[in-house]
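Enquirer: Residue numbers (this note's numbering), protein chains in the order written: chain A, 15 to 127; chain B, -18 to 93.
Think of the hints as simulated: they come from the structure by calculation, not from any bench. Cβ atoms here follow ideal geometry from the backbone N, Cα and C, with glycine treated the same way. Do not rely on the hints blindly, as some may be mistaken.
Here are the simulated SDA-like cross-link-like pairs (lysine to any residue), alpha carbons at most 25 Å apart as the crow flies [as the list claims (entries may be wrong)]: (1) B:K88 with A:R82; (2) B:K23 with A:G67; (3) B:K30 with A:K28; (4) B:K50 with B:M64; (5) B:K88 with A:A109; (6) B:K50 with A:Y114; (7) A:K28 with B:K50; (8) A:K71 with A:T100; (9) B:K23 with A:G30; (10) A:K28 with A:P97; (11) A:K85 with B:K50; (12) B:K23 with A:A38; (13) B:K80 with A:K28.
Far from chain A, by Cβ distances over 10 Å, these chain B residues were calculated [unchecked claim]: (14) R3; (15) A67; (16) T82; (17) Q90.
The lines below spell out each chain.
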Amino acid sequence: NAGVTQTPKFRVLKTGQSMTLLCAQDMNHEYMYWYRQDPGMGLRLIHYSVGEGTTAKGEVPDGYNVSRLKKQNFLLGLESAAPSQTSVYFCASSASGVSYGAFFGQGTRLTVV
Amino acid sequence: AQSVTQLDSHVSVSEGTPVLLRCNYSSSYSPSLFWYVQHPNKGLQLLLKYTSAATLVKGINGFEAEFKKSETSFHLTKPSAHMSDAAEYFCVVSYGYQKVTFGTGTKLQVIP
């Protein structure tokens, strides 16, 4: 089925470890986004990309890096994980920008201990 | 500043009864508004969106929402709840290029 696929679905990290979350979409969308979801706070934008080779900071970018080397993939990196980064991470993609609606992946539940 | 407020964190209804999930927004611009649904362990799915056309918007699975500018509201309704509607619902306001604000979510419980 077409859509947005996130890898992995679950992960436990120790403080200070690094990891990369992968988001892949097969809808040829230009726009891709990484959000984090925390209880009682809705979704907050970490970083986004408006096309291959481009990235931009969102609302809560500190502690994260991203890359968009291929149009279909958007990677989110944590260089040195902290307990405050325990969250559920969602990737989204859109043909016309998130302001027009977006498709979301199933989420990655990350726990930093 | 743009914001969105979902007035209830939890709503419980009996199967077959109407659903009302409330959302109020503030925006300096003419906003676009969305409702998304998130089933357990799933991603967010777009239910419906308002983009300054008809004020009554119909979405998937029998849901609809009405944009009321005078009340700055965009409440989500469904005439008859089904067990499969149990999920978390997010109201979202768009206020410019790449800028959206998500509400904090309303968890809908459907009682058999």
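Enquirer: Each hint: holds or not?
Expert: Comparing the hints with the structure gives:
1. B:K88 with A:R82: Measuring from Cα to Cα gives roughly 34 Å; hence the hint is violated.
2. B:K23 with A:G67: violated, 29 Å
3. B:K30 with A:K28: violated, 40 Å
4. B:K50 with B:M64: Violated - the C-alpha atoms of B:M64 and B:K50 are around 32 Å apart, more than 25 Å.
5. B:K88 with A:A109: violated, 29 Å
6. B:K50 with A:Y114: Distance ~19 Å between B:K50 and A:Y114 Cα, so the pair holds.
7. A:K28 with B:K50: Answer violated: A:K28 to B:K50 is near 48 Å, above 25 Å.
8. A:K71 with A:T100: holds, 20 Å
9. B:K23 with A:G30: Measuring from Cα to Cα gives roughly 28 Å; hence the hint is violated.
10. A:K28 with A:P97: holds, 8 Å
11. A:K85 with B:K50: violated, 38 Å
12. B:K23 with A:A38: Answer holds: B:K23 to A:A38 is near 16 Å, not above 25 Å.
13. B:K80 with A:K28: violated, 33 Å
14. R3: Label holds. Min Cβ-Cβ 15 Å, cutoff 10 Å.
15. A67: B:A67 is indeed farther than 10 Å from all Cβ atoms of chain A, at 18 Å.
16. T82: B:T82 not clear of chain A: closest Cβ-Cβ about 7 Å, inside 10 Å.
17. Q90: B:Q90 clear of chain A: closest Cβ-Cβ about 17 Å, beyond 10 Å.
Going down the numbered hints, you'll see the structure goes against 1, 2, 3, 4, 5, 7, 9, 11, 13, 16, while the others check out.
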